[in-house]
Amino acid sequence: MTDATASGAVPSGAGQGSLLAKDQRTAKRNAAEGRFKIYGLIAVCIGIAALVLLLTSILTSGLSAFRQTTIAMQVTLDAERLDPSGVRDYDEMAKVTTFGYAPLLRDGLQATIAAAGIETELDPGDAMELISDESVAQLRNRVLNNPDLIGQTIEVNVLASGRIDGFYKGRVSYASAELDSNISPEQLQLAEALEERGALKTGLDWRFLTAPDASDTRPEAAGLGVAIIGSAYMMLIVLVLALPIGVAASIYLEEFAPQNRWTDLIEVNISNLAAVPSIVFGILGLAIFINFAGLPQSAPIVGGLVLTLMTLPTIIIATRAALKAVPPSIRDAALGLGASKMQSVFHHVLPLAMPGILTGTIIGLAQALGETAPLLLIGMVAFVREYPDTPLDGGFFDPATALPVQVFNWTQRSDPAFVERASGAIIVLLAFLLLMNLTAIFLRRRFERRW
Amino acid sequence: MNDMRHMERAVRVDTTKIAARDVQVFYGDTHAIKNVSVDIPDKTVTAFIGPSGCGKSTFLRCLNRMNDTISTARVEGHIEIDGEDIYDRRVDPVQLRAKVGMVFQKPNPFPKSIYDNVAYGPRIHGLARDRADLDGIVEKALRRAALWEEVKDRLSAAGTGLSGGQQQRLCIARAVATSPEILLMDEPCSALDPIATDQVENLIHELRENYSVVIVTHSMSQASRVSQKTAYFHLGELVEYGETGQIFTNPQDMRTENYITGRIG
Amino acid sequence: MQVSFVLLFLAAIGTLAFVFARHRAIASVDGDARRLHSLPTYYGLNGLIVSLVPALALLIGWMLLQPLFLERAIRGDLSRAALREGTTMSLVVSDVRRVADGLESGLLAQDFTASDFAEATPAEVGAMLMQGGTALGAPLTQPVLDAAKDYRATSRTLRWIMGIAVLAVAVIGAAIAIHRSEGTFRARNVVEKGVLALLMASASIAILTTLGIVMSMLFETANFFSQYPFTRFFFNATWQPSFSGRGGASELGILPLLWGTLYISFIALIVAVPIGLFSAIYLSEYAGRAFRSVAKPAIEILAGIPTIVYGLFALITVGPLLRDAIASPLGLGNSASSVMTAGLVMGIMLIPFVSSLSDDIINAVPQAMRDGSLGLGATKSETIRQVIVPAALPGIVGAILLAASRAIGETMIVVLGAGAAARLDLNPFEAMTTVTVKIVSQLTGDTDFNSPETLVAFALGLTLFVITLGLNVLALFIVRKYREQYE
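Chains as they are written, first to last, in our numbering: chain U, 17 to 467; chain C, 3 to 267; chain Z, 5 to 491.
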């Protein structure tokens, strides 16, 4: 009998023979089983490895954006130079451009170098290249906003230039400086000497989160201020528009819609819109909101409207699921007391479905926050340095940019220092997304009801 | 027809095929089977009866270790088939299930052709040398399940397209195609109409020639029609076990009598 | 009249209507609210709805139609004035609009006063506008300036008429509602009807959106095909927009873009489908509880990461890695952005998508099917391969189609990872480009909006929309049929 099974020749039973002895075929099949299982494990591991690689790659190249190299020095704000008129009038003072301020910083730097007792062959102009051009503009703004400073000697902590910053973040080395027209090894030596004396430091700096974007040549000064405000405005618009419209649409479809062609048409449209490529919504925004309705380009209002249309299907689908989860007995109980259908929905079903609706809304918002492609088409890639006004002053119509678009914008610039900025911006974006998702999970855990 | 079965009942001398000793089954914290010991003879139809939730299906699923597929289930005690402990570490449930076939409550043909449904077991166990051999096995199994005449012209049609009774007979054909020694049937007729039930019962009667059949059933009349031995389960315990005639005419236990006379549902 | 003022007035009228309608209802039954047909609030709400909804509808409708009407008026104005060489009507119209807007915003910012530009020459006005930050395509001419002044004047008048009309409608609505607030009036039923209409209108926004998408693209695509023959668009194998001149010299064939799109999507699916499918199978059939509770969320996190992050990952990590490790040593190319880079990263993005869809679909296969197979002595993998996967096949195919549609419509990964060169090539380590990349580059460039180089983006968008829509509809159809089979 055992022989017959082993050869598989006779159509007798496969299971004949002792159960305690494994036949060859079973062993083979078990090996196949093991292999199959390993393929599965490998697939899962590839997925997890991809996630880990992605996050490490972003974190390693982006975390340094939150650190900044700065040089501390004393600057004497010479009244002769900065306000020749002597009346401390804003408009008069504004006539002194950054060219008027640069020498002050140059002198301040020279004084710092001299005070520290550093010998350098660099002339003051070359030494000045250690300092970011943006610092000059920042000094000017500071003085313009506070004319009383004129004539004083103030302590300033100026941004080092992008190359010096890069030197302390591992992007620039003596070898690369040899080949680089923007920095020389002597300048690096000077920076090191300043660092030894404590005048130059690399440390945590939150200006990355608050400063506006900066031009191509000043990566060290580029920040996310405008982008964060722009994204926040758009999220506000999406929340204010998509939540009520989405909930209203879901209530209609789930509770009131009759079974007819129109309802079918709406259903089909919603499920299709959920799968339409996001860039198509950008085309819609460009054609309808900008070209047809004449709304301004790069404005959060247009971005918000486009993202609202994109987010609506997500919110509707989540809301309908939440409404569906409320048991019919609740509705029956309300109707049985003589409440109208509308009252039963608004007084009983909707409050019970609220946690689910909020969770869905937050997830929809998170999706909208990370969306880039449609915003490119409505002009949000523009270089914007001005903070938009508050919403009450029409800030929704001011040019702004958004977090993910700012990332894209920075990837298009040639200076490698912008890679760090872009990755840093992504860390901020991911932190916001994490926060939103944790809120959603918290809501679900806290309010989840089981019937 | 019933008379014939009753006559045959006395013919065979029982040789024990399955021996269960002190079997306990837990689903998580629930104690589903308590201390069941039973000897199931070869070439006999043994019926497990009892009210819903009494553990008869659970016990049946212990016999081919289908409970292994439920992660919370835990089985204790000994079950031996032909003197071999089937819960021994060396036993591969795959081999065991080839030896102990199973037919389920609801007909569950695979979404494949009739032929592929029946050939599935022989293929995975490598029972056929070549195509012709496989054809032979399939035909034999379908004949044995009394389905051959109905489906021989449409073997490549989908198994799911058959009627309920045909589907269940297809599942029986699928089970017998691997030539098991024991056939477990978990309420095989509960989803069928009376005519289909009659067909399947006839089939069970014939299968006894070659297999040891264990059938779980809700219907007492079915148990009395098809089985030679009957075991009555109540709340996870085996209350009474004996010749079918004796159980139905002269039950020893009060609970069995209450059930048979319709006082326990 | 500013729209915000109109809205403010509307809010005031609505509040008053609410208060008075409620008050009058209660007064009509001598303060005994029990004798009212509906709760007092409903009378107030009725006042609110009847006064505001028609007024708001009028406001929105007016604001949508006014630009159309004005544009027509400008065209009528301008057709008398001779158009200069090299411009088109729509260009001039947009110039007119820009000048008018510039004048308006200059006035608002008090850069100049109305009398300043009333008598000024076009050149002077141009300079004034420049100061206000309005850049013009061409030097300002007299006809354009006249038209712009006209435009501004008409638009101001229309705004005033609109404001008055809207407020009048609101007041009349409020009056009617207050008048009707009597004890026997079935306020609740009327309010509920109104709310139902609002709910239905909200639901219909989905249809409006689709309509908007289709109309906007159809319109501009027709415009494009009037300037560029559609046979050359669909069958020309070169993509070479000219940057200098308008029209004529550009080669705008979609084939190389489609090729790049499909090639990248294909690689993405090759990566995502096996990995996604196998991880779904492993996690649902084999993995232990502890492992699953870690691995499943980890894979789902991949789904929540925005595509721009994947794009940057492709740009700074995967692209250089592939180039230095594979492409350069093998002599296959020196570009960090390539079909392979974009495909690989997009594949990673799609893993959770495929895996969660497959998970749903595999779980939809009834347990009886597994039992049947296991009961015959099949191993788990045999059951999966020979019973579950074939049974779930339609669903899995649907899932793959959905994933394909996503891959085809994906933008940021290809913008950052695939490159910009339109090329028909088999080498996956070459940079190629896709439909979506070109939509972005054609619409974000500086080219004139009405040139075929810009308008082609709408034709590309429509093609993309049709392809993805087709895939989605097919996939949803298959998945639905599949689910019905097991219900």
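Think of the hints as simulated: they come from the structure by calculation, not from any bench.
No experiment lies behind these values; they were computed from the predicted model shown.
There's no promise every hint is true.
Derived pair list, reagent style DMTMM-like, types lysine to aspartate or glutamate, alpha-carbon separation capped at 20 Å [to be verified]:
| id | chain 1 | residue 1 | chain 2 | residue 2 |
| --- | --- | --- | --- | --- |
| 1 | Z | Lys384 | C | Glu78 |
| 2 | Z | Lys384 | U | Glu49 |
| 3 | Z | Lys384 | C | Asp118 |
| 4 | C | Lys108 | Z | Asp375 |
Query raised in the report: Does Lys384(Z) pair with Glu49(U) here, judged by a C-alpha cut-off of 20 Å?
Result: Judged against 20 Å, a Cα distance of about 7 Å means the pair holds.
Requested in this report: Compare the distance between the alpha carbons of Lys108(C) and Asp375(Z) with 20 Å, and conclude whether the hinted pair is satisfied.
Outcome: OK: Lys108(C) and Asp375(Z) at ~11 Å, within 20 Å.
Query raised in the report: Does Asp118(C) lie within 20 Å of Lys384(Z) when you go C-alpha to C-alpha?
Result: holds, 18 Å
Query raised in the report: Are the Cα atoms of Lys384(Z) and Glu78(C) separated by 20 Å or less?
Result: violated, 24 Å
Hint 1 from the earlier list is the only one contradicted by this structure; the remaining hints agree with it.
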